Amino acid sequence: MILGPTASGKTAFSLKLALEIDGEIISADSRQIYRTMDLGTDKISATIQEKIRHYMIDIRDPDRAYSLADFQRESRRIIEDIHQRHKIPLLVGGTGLYISAIVQNYQLPEAPPNPGLRQELEAELEKEGAEALHAMLAELDPLAASKIHPNNHRYLIRALEINLATKKPVSQATKQECPYEVFQIGIDWPNEVLFERINGRVEEQMERGLLEETQWLFERYDKNLPSMTGLGYKQLIQYLERELTLDEAVELIKSETRNYARRQKTWFKRDPSIYWVEGAELMKELVGAE
-8 MILGPTASGK
2 TAFSLKLALE
12 IDGEIISADS
22 RQIYRTMDLG
32 TDKISATIQE
42 KIRHYMIDIR
52 DPDRAYSLAD
62 FQRESRRIIE
72 DIHQRHKIPL
82 LVGGTGLYIS
92 AIVQNYQLPE
102 APPNPGLRQE
112 LEAELEKEGA
122 EALHAMLAEL
132 DPLAASKIHP
142 NNHRYLIRAL
152 EINLATKKPV
162 SQATKQECPY
172 EVFQIGIDWP
182 NEVLFERING
192 RVEEQMERGL
202 LEETQWLFER
212 YDKNLPSMTG
222 LGYKQLIQYL
232 ERELTLDEAV
242 ELIKSETRNY
252 ARRQKTWFKR
262 DPSIYWVEGA
272 ELMKELVGAE
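The sequence shown runs -8 to 281 under our numbering.
Since the hints were made in silico from the structure, they are not lab data. One or more of the hints may lead you astray.
[Stated by the list, open to error] Below, a list of computed lysine-lysine pairs in the PhoX-like style, where the Cα atoms sit at most 25 angstroms apart:
no., residue 1, residue 2
1, K138, K158
2, K166, K256
3, K245, K214
4, K7, K78
5, K256, K225
6, K42, K78
7, K275, K260
8, K275, K42
9, K7, K275
10, K138, K256
11, K7, K256
12, K245, K260
13, K42, K7
14, K166, K260
15, K138, K245
16, K138, K159
17, K256, K275
18, K256, K245
19, K118, K225
20, K225, K138
21, K138, K260
22, K214, K225
23, K118, K138
24, K214, K118
25, K166, K138
26, K225, K245
[Said to hold, decoys possible] Now the in silico label distances, taken between C-beta atoms and shown as ranges:
no., residue 1, residue 2, range
27, A121, L237, 22 to 32 angstroms
28, V173, F209, 31 to 41 angstroms
29, H77, I39, 17 to 27 angstroms
30, A129, L277, 40 to 50 angstroms
The model shown is predicted, which means the values in this text are computed figures rather than measured ones. Beta carbons are placed, not taken as given, at the ideal position from N, Cα and C, and that holds for glycine.
Let the sequences and hints guide you as you build the complete structure.
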């Protein structure tokens, strides 16, 4: 398993490792599941996917719901299939809940999506704001509220949906012994270096056509969909709606991505079983191997 904050170099390392150990890669990124959302999710190219098999990429249209339970169920099936073919599954990504659902073998509450309840919560979010919904979650499930940022509307609404539908806190998802032998590798960078990498990647995404990709999506999908509120898309939609200048939108993408990376690092650092490697040293090895 390869994990770490955004822009830490997980993809480059995973490709090299997969070739060395005859592995296949399972994406643990909650945004890469969506078709046509390529640049904003920093998705691996189709050419590379032809060389190294990848899973959990391009499996849903942007307007289709997808839950943590969906990811867990499908990933377990894929892991078993890879094992049966005597290859090594590599789970790679930065979505902490996705990784924990596999490593800690969550037994998730049974709560199928409830469109009516979700619409009510989304309307409440629009009317009262994220802080009000986060306060509601804190009353129902303090532990879950402590782990979900108010700006993460997707997880906030889903946590409330589960709490209200099951009358049980989502944080009561029990952890069981993992059925797999897992080795977790985390890629670490000093914040100042990581933030420069993030800024550079955003500039590269813009040069490659992130604005045009966002425009195409904005013309076809509701801007309030979970898929459309991801980093990059959300801020550029604000530009398209003339709420921000383009420079302001780009700077906001950078700053909010840096904040997201901080939260990712905090999440992963709580797990003592992760073996951390220095990003700079790892990149030297990768460059030297080319």
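Legend entry - Hint check against the structure, violated hint numbers in rising order: The structure conflicts with no hint, since it agrees with every one listed earlier.
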